[in-house]
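Just so you know, the protein sequences line up as chains A and B, in that order. Here the first sequence is numbered in full-length UniProt numbering, starting from 1 and rising by one per residue. Here the second sequence is numbered in full-length UniProt numbering, starting from 1 and rising by one per residue.
Read the hints as simulated data drawn from the structure, not as lab findings. Note that the structure is a prediction, hence the values are computed from the model and not measured. Take these hints with a grain of salt, some might be off.
[Unchecked claim] Calculated pairs, DMTMM-like style, for lysine to aspartate or glutamate (alpha carbon to alpha carbon, straight line, at most 20 angstroms):
| id | chain 1 | residue 1 | chain 2 | residue 2 |
| --- | --- | --- | --- | --- |
| 1 | B | K295 | B | D158 |
| 2 | B | K447 | A | E106 |
| 3 | B | K915 | A | E245 |
| 4 | A | K427 | B | E671 |
| 5 | B | K915 | A | D55 |
| 6 | B | K915 | A | E50 |
| 7 | A | K45 | B | D903 |
| 8 | B | K28 | B | E897 |
| 9 | A | K427 | B | D666 |
| 10 | A | K352 | B | D395 |
| 11 | A | K427 | B | E394 |
| 12 | A | K352 | B | E394 |
| 13 | A | K427 | B | E897 |
| 14 | B | K447 | A | D99 |
| 15 | A | K232 | A | E245 |
| 16 | A | K36 | B | D421 |
| 17 | B | K47 | B | D74 |
| 18 | A | K427 | B | D421 |
| 19 | B | K639 | B | E608 |
| 20 | A | K262 | A | D227 |
| 21 | B | K915 | A | E60 |
| 22 | B | K843 | B | E827 |
| 23 | A | K45 | B | E901 |
| 24 | A | K45 | B | D905 |
| 25 | A | K427 | B | D395 |
| 26 | B | K915 | A | D54 |
[Stated by the list, open to error] Examples of chain A residues lying across from chain B (beta carbon under 8 angstroms, computed):
| id | residue |
| --- | --- |
| 27 | Y56 |
| 28 | S69 |
| 29 | H86 |
| 30 | Y87 |
| 31 | P89 |
| 32 | I97 |
| 33 | S244 |
| 34 | T357 |
| 35 | E375 |
| 36 | P402 |
| 37 | Q405 |
| 38 | P429 |
| 39 | K431 |
| 40 | D437 |
Heads up, the beta-carbon is just placed ideally off N, CA and C, and yes, glycines get one too.
Chain by chain, the residues:
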Amino acid sequence: MRFYIIIAAIFWCGSVDSRKVRGISSSYKRFYRERKSFLCIDGSKIIPFEQVNDDYCDCEDGSDEPGTSACPRGRFYCTNLGFRPHYIPSSRVNDGICDCCDASDEYNSHAHCQNTCWNLGQRERAYVEGQMRTLDEGLRLKQQLIEEGVLLWREKQAQLRELQQVAEDLQIKLEEHRRRKHEADQLKEQTLKELQAGDSGLRHQNNTVTGIFQLLDSNKDGSITVDEVKAKVVLVHDEERVLSENEALGLLGGGHQMDVTKFQHTLWGVLTRGDSVKIKDAHGAQGTLVGEDPYLMAADRAAEWMATKLKKVEEAYETVNMEISDLQKKLAIDYGTDWEFLFLNGQCYKLKVYEYTYTLCPFNQVTQKNTAGTEVSLGVWGMWAGTPKNLYNQMIYESGEPCWQGGSRSTTVTLTCGTETALRSAKEPSKCQYIMDFQTPVACQPVLKQRGIHSEL
Amino acid sequence: MATFSERMAPVLILWLAVCLSGTWAVDKGNFKTCDQSAFCKRQRALKPGESPYRALLETMELTNTRLTLQLINDNNKVRLLLELYRLQGNITRVKINELKPLKPRYEVPDVLVREPPTEPLSLLSQDENGVVLALGAESQRVIVSARPFRLDIMEGRDVLMSLNSRGLLAFEHLRMRKDTQADPEAEKKDEADSANQAETTKEEEEKAEDGMWEETFKSHSDSKPNGPSAVSLDFSLPGVEHVYGIPEHADTLRLKTTDNGDPYRLYNLDVFQYELYNPMALYGAVPVMLAHNAKRTTGIFWLNAAETWVDISSNTAGKTVFGKMLDYVQGSSETPQTDVRWISESGIIDVFIMLGPTPKDVFSQYASLTGTQSFPPLASLGYHQCRWNYNDQEDVQAVDAGFDEHDIPYDFIWLDIEHTDGKRYFTWDPHKFATPKEMLQGIMDKKRKMVAIVDPHIKVDSNYKIHNEIRSRGFYIKNKDGGDYEGWCWPGSAGYPDFTRADMRAWWASMFSYDQYEGSMENLYTWNDMNEPSVFNGPEVTMHKDAVHGAWEHRDVHNLYGFYVQMATTEGLIQRSGGVERPFVLTRAFFAGSQRYGAVWTGDNAAEWDHLKISIPMCLSLGLVGISFCGADVGGFFKSPSTELLVRWYQTGAYQPFFRAHAHLDTPRREPWLFGPENTALIREAVRQRYTFLPYWYQQFYHTYRSGEPVMRPLWVEYPQDPATFALDDEFLIGQDLLVHPVTEEGARGVTAYLPGKDEVWYDVHTFQKHNGAQNLYIPVTMSSIPVFQRGGSIIPRKLRVRRSSTCMEHDPYTLYVALNPKRTAEGELYIDDGHTFNYEKKEFIHRKLSFINNSLTSINLAPDAQFTTRSWIERVVILGASKPSKVTLKTADGQESLIEFDFDASMSVLTLRKPSMNVGDDWTVVLQ
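Let's have the full structure, built from the sequences with the hints guiding it.
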């Protein structure tokens, strides 16, 4: 490459005849052929050729002064042999600052400009080569990541399908269990009814009548008294209150005591109806009631078991559905055309800048932590916000911690091509508006081509 | 970087507590009204009437330079000493002090550039009623009336000004504090029969009203060890309906009458989000008022640095136009008159009456007292890019590169408080600004400069060199109990150096030397903010009045503090270069004489159209009292401007003396290229216009440095006989020759500009369209520019090759814009020097007069004894209002003649001479035939 440039330089030096027209590129040379007159490139005016580059602006478009600072809209062409040629505004010609690396812009100033094009060119070439290597490597890695992404995508899709299948199964199971629980409940109820109402229950009833009677007859003297009633019987609607003397008397049918026979025909009925008064600690009493009946006990246990089982299934169903919706949410995010950004989900990248540590968790959130350990949200995943040409070179995280003058913190992340995936910079150019530079192979674009370091021929 | 609120939380909370309760408007409750300021209330309670003061003519002594005379207050028998001086240049000085004060009263030092030279006074006549003295050669006399005492200054039969004609002279003599037990008992005796409750109330009221020995405002108490000490005097101005000056107020150019509200207040304060169109005090105070009518301009300079209130009333203020007309028709009516009254809290009465008679005479009279605007380095007239804050060196570099990328020139980039290491001024944040010299070198490579902030509050921190030195030298202001005064400001607890001490100022100045101010370089300049001084937890966000500056109270010197801070800083920047380089220091607080030390800006404005609008009268008012280098934050400091407002503000700022964009920390970035290519182009064009006019701006600053005339001036200054100009403050002149009418209305399609001058013509600088003077002209506007006109009869030198910075344009050629008046003549000047050193004082400059008369344009040397050479030449002469010549010849000093090519645009009558190429320093003549 170097060889060609040297050749080119020699060729260039030897062959150019209109060299005195300073500040033009070879493609514009045809406009500046030595003639009697010069036509402004915009065609607006014809001037004598001597007035080209005579340090006075004649043409509206500045085309007569490509090599001086005379025209406000003019531009000067830096040939920059060995480096990149480029235009600078005419106002930078002879302003005492070296702009062209070949020093051609300061031909009449006190600035001592060195020709640095060769060094710059080498640096540029090295840089571009480095960039190309990075790009090649980046693209290779990207391809891998794309492949992985596709796999990951498929895997996630499969996972989703699996979960959906599980959910379906669970749904069926759930229905089954609901049905079974319903049956068990019904059985239990029926048993209880039978127990309470059926003739086969007389023995139980007697027993029960005796049992309750005995429960009420605290001093076991064969009759229950007002005090005994007050001690054991309470109102259904107000369990806390102790019955009054009169209320107890009423329950005893007006007498001060009651034997078991009278009890069976009066108070027993009131208690079993259970709508006005009941035995204190009714559960215990009922437990005793049920506990003493093996059928009822079995039905009750079956119903309880079924309920527990149903609950478990319900929970499992809920969990699976949550997993599904999480996964769906994740999969609803745009991970690029080839799902190449998918691998970033679930990762976090940190960078320390001065006293702050910044953490970027792509597609999730951005945070900032100071040395004291206080963490502040700089935004949660919002959207892709790149150019229409490349949507995927910028991410926005929004609605972070509120700012004291209103609004909330937000972060714009610019993705650049690199061989590693890492956070490269984090800044706050305006209050509460953060910008980050995030490097990753998946941001590498094959369209990025070496900008020509072609020399002027 | 990052959360300001976190790091500044303590200070902010305090600040918030102190200065805001609403979010976006000044909290008036934080600042005193006249009623809440005991002396103002006391003094304002005095109503016009017969003065208790009598002149004791037998005590009169008249020497060659002054007259002295005792005055006695017949109510309390306290005697005052009146001194009357006739000063050179048509100024009368009246000084009134106690004859025998208990202790000396404060007389403002350092503001006058020298003891003003006097002229002899002569006695014309004397009888038992008074004396008549002749004032110099003109037919001016001063009449001293004895009973009651008053002064009348006459010219011929006209009274120009009367003092104490309304009997409002008041002088609270210093007194011993009476036994506090005695008074209430006496009162009890008087009111023995009144009910107990009423009595207590009365007593309390009197005490509160009085406030003579103690005063509280909000939670702050002022101990007032010296008791009452206010002074007051009234001035009557017959024939005057327009008064101006006494900045700083966010108000119209023409001062309003104050009968129905508070007086204008002069007390330097850090007002958070100030309100427009009211007389509240702001950051600076210049106690100078100008009075003007079609016949005469006069001025009153009230030299007092204590809190001051100014009342204005007028006998025509209430009258409608019809009423005035009726008066005129009926030939009845009194002459219009404006009455002014000054009230200060302490010190003496020391007033300079500047008798004009023209506006320019008043400027030169005031300049002879307090000096003129310092001649700034040329670069400081370029564009300044500021923001609170450019975050780090990388940020600075990126912004600098942004200007190059978008081809917008700028000269200064600014660093606000965040650049320091924890608000310790003279230091750099070790991370964000780790290598300041590297950064400054990068800027210097582009021929640009930087300003870093240095505020006067010093962080109390034993690891901070500046603090330790000030403390060990005893340089801090003391509190009333003798300890170092401490207040809250940006760094938290801070001390305030006593800048009233010359030794303190000398030490401060030495801190700017390159070996003391680490990381500084010759392209680093300084910004003094918060120098009112701002004390977040002090009364009215400033210092306690009973704080002590040596022998004086802060009360006496308050309005001088900012003046001294800038003085010391400026001295530092001069000294660091061995007296070679001109300094540049921006200040927020100021006083009379501050013009000698640099630039002033209008403080923390807001991104609102009304704030853009008010920037015009605010800077005009400052210019009238000597401070020409004035500007407002372009874009507005608080809030975020709409794009249209930002563009309009750039267009306006480009035609105001100090041109700096600035923004609050909490606002989004607003560098000129952030609003789309169209707006970038509009802003670029505005800034470029500024740069093309830099030779004219520079020449105007040279002129103000020599004459004291404002650079940015109201139209009435140039058209003093045209009443239509007297109240105009939506347009202004730069020098004599450029008229600017900014667009300050949202969505404006046009503006109506008044073009003054009956026989004048004005040329639109953008289109060269010619308009006649003495008319209101409707000018359609687009977003591309604001109306600017060049006066017919003027020649303005410009540089059309706009480059990265003004320094890059140093050797560029000039284009002369010759705008012909109806007589086909024009005149102008051209001033050139090196742009940055004091060598102009050694006559190293070019000053030429350009004149066009009889179809020849000639350049002659205005300063033949001056020496300077330049490479700059004249590339173009544009003659507006010309006719087509047959040929154009150039005659140079060596007698050579050459033909000049030209181009004539008949549609606009513009003749352009192509490349005459003479050096601007030479003698030459161009003849049109």
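Next item on the list: Check each numbered hint from earlier against the structure, then list the numbers of those it violates in ascending order.
Entry: Of the numbered hints given earlier, those the structure breaks are 3, 8, 13, 16, 22, 29, 30, 33, 34, 35, 36 and 40, listed in rising order.
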